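Participant: Following the hints, put chain C in place on chain A, whose structure we already have.
Here the protein sequences come in this chain order: A and C. Per the numbering used here: the first sequence = residues 366 to 549. Per the numbering used here: the second sequence = residues 366 to 549.
Source of the hints: derived by calculation from the structure; they are not laboratory data. Hints are not guaranteed to be accurate.
The list cannot tell twin chains apart, which means a pair is met if one copy fits it or any two copies do.
[Stated by the list, open to error] Mimicking BS3-like on lysine-lysine, the simulated pairs with C-alpha atoms at most 25 Å apart in a straight line are:
id, residue 1, residue 2
1, LYS420, LYS376
2, LYS397, LYS420
3, LYS396, LYS420
4, LYS524, LYS442
5, LYS445, LYS376
6, LYS376, LYS425
7, LYS397, LYS442
8, LYS397, LYS376
9, LYS425, LYS397
10, LYS376, LYS524
11, LYS445, LYS420
12, LYS524, LYS425
13, LYS425, LYS396
14, LYS425, LYS442
15, LYS396, LYS376
16, LYS420, LYS524
17, LYS524, LYS397
18, LYS396, LYS445
19, LYS396, LYS524
Given the structure is predicted, the values throughout are model-derived calculations rather than measurements.
2 protein chains.
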Amino acid sequence: MIIRENTINSKRIYEGRMISLRVDTVELPDKKYSTREIVEHPGAAVVVPMTDDGKIIMVKQFRKAVEDSLLEVPAGKLDKGENPAICAHRELQEETGYVSANMQYLFSFYSSPGFSNEIMHLFIATDLTQGEAHPDEDEYIEIVSYELGQLIEMIFQGKIKDSKSIIAIFAASQYLGHNHLGQQ
Amino acid sequence: MIIRENTINSKRIYEGRMISLRVDTVELPDKKYSTREIVEHPGAAVVVPMTDDGKIIMVKQFRKAVEDSLLEVPAGKLDKGENPAICAHRELQEETGYVSANMQYLFSFYSSPGFSNEIMHLFIATDLTQGEAHPDEDEYIEIVSYELGQLIEMIFQGKIKDSKSIIAIFAASQYLGHNHLGQQ
Chain A
366 MIIRENTINS
376 KRIYEGRMIS
386 LRVDTVELPD
396 KKYSTREIVE
406 HPGAAVVVPM
416 TDDGKIIMVK
426 QFRKAVEDSL
436 LEVPAGKLDK
446 GENPAICAHR
456 ELQEETGYVS
466 ANMQYLFSFY
476 SSPGFSNEIM
486 HLFIATDLTQ
496 GEAHPDEDEY
506 IEIVSYELGQ
516 LIEMIFQGKI
526 KDSKSIIAIF
536 AASQYLGHNH
546 LGQQ
Chain C
366 MIIRENTINS
376 KRIYEGRMIS
386 LRVDTVELPD
396 KKYSTREIVE
406 HPGAAVVVPM
416 TDDGKIIMVK
426 QFRKAVEDSL
436 LEVPAGKLDK
446 GENPAICAHR
456 ELQEETGYVS
466 ANMQYLFSFY
476 SSPGFSNEIM
486 HLFIATDLTQ
496 GEAHPDEDEY
506 IEIVSYELGQ
516 LIEMIFQGKI
526 KDSKSIIAIF
536 AASQYLGHNH
546 LGQQ
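Just chain A, same shape as in the assembly:
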C-alpha cells in the first residue's frame, strides 16, 4: 500500500540565511488532517578525506545549536544548483586546504527526514595534496587527523556526536574493507 499525504495548505513561517520553515496541513488516508513542520535546507556535500597513510582528516568547530565543539568530517552546503561533487571539492579545500585527485561518490542520505528535507551527498577523497585552508569568515576550524579504527572506537565512546561524520566513518570503513584499498 502506497501512502501519500496530500498538501491541503502550506504556510511559510520563516525565510532564513541557511534554512527556511513552512507548516503544511496534510490529508491522511483516513481523510483526517494533520500538520507537518518542515525545515527546508539546500542540501550538503560531506567528504571523508583519507591520506595515503590511512588517516582521516577531521575538523573541529563550535556548533551553536548544541553549544559544543564537535569533531566532524569536512562538509558544507550546496550553492543553488551546484553539483555535489564540485561542492565536495570546494568544501574540502576551504576547510582543510587539501585537494583530492580522486573524489568517489558513495551514497546520499537525509539528516532528519521527520522534519527536514536536508539531503547529504557522501564522498570519499583520496590522493590528497596539502594546500592552504580558506574557511568562511564566520567559521573557526581546527584540523585534526585520526586512524579509521580509532574513529570507530571514538563513536562508541560518544566522542564523535555528529551524525554525518558517524555515517562517513562507518561507510569509509565498510567501503575500504570491501575494496581492500586500506591494505596497501
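Facilitator: Leaving out everything else, chain C in the frame of chain A:
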C-alpha cells in the same frame, strides 16, 4: 583554543508541535557578529530490533518533508523529561508490536548540529517477543525485516536514506562483530 559563541540576542520565531525555531545573534572571536538559525527538538530514541534469527525489524513510513516513503528503524521523540531507554521500549512496541527483554544503549548523536539541537539515543534491542503494534493516530507504518548484511548493501545502493537508520545499521554490525553475538 576553545571557541565559544556568546549569545547577544535571541529571537523566538516559531513554537510548534514537534519543533521550534529561534534565531540567535552571536559574537565571534574577532568581535564580529553573525546569526545562527536553530531548530529546537526534544530529542529521540532510536532502536535496532534484532530477532533471534539475526533479522532487523524495519518500519516503512511516508515522510512529508522529503515526499517519500522511507525504510527506517523504529524511533520516536522523547516526552518531556522522559528517560531515553523508556522511550526506546515504548516506540519499539508502538511501532512494531515487539517487546524487548534486552535493550542495550550504544551511543548518542546529533542529527544535524549545524542548525538543530536534536539528539538521538541509539539502542539495540534483542530477546524480542511479538505483540500488537499501536502506532500514533497520524502514523501509517508498514513493518518489514531484513538480514543485517542485506541492509548494509541497501545503504550503498541508496535504498536506505534515513541517517539515524544508517547509523543504527552500521553500529549494530560493528557491535555484533565485536561481541560475536551474531555468531550463534
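Participant: Determine which of the earlier numbered hints do not hold for this structure and return their numbers in increasing order.
Facilitator: 1, 2, 3, 6, 10, 11, 17, 18, 19
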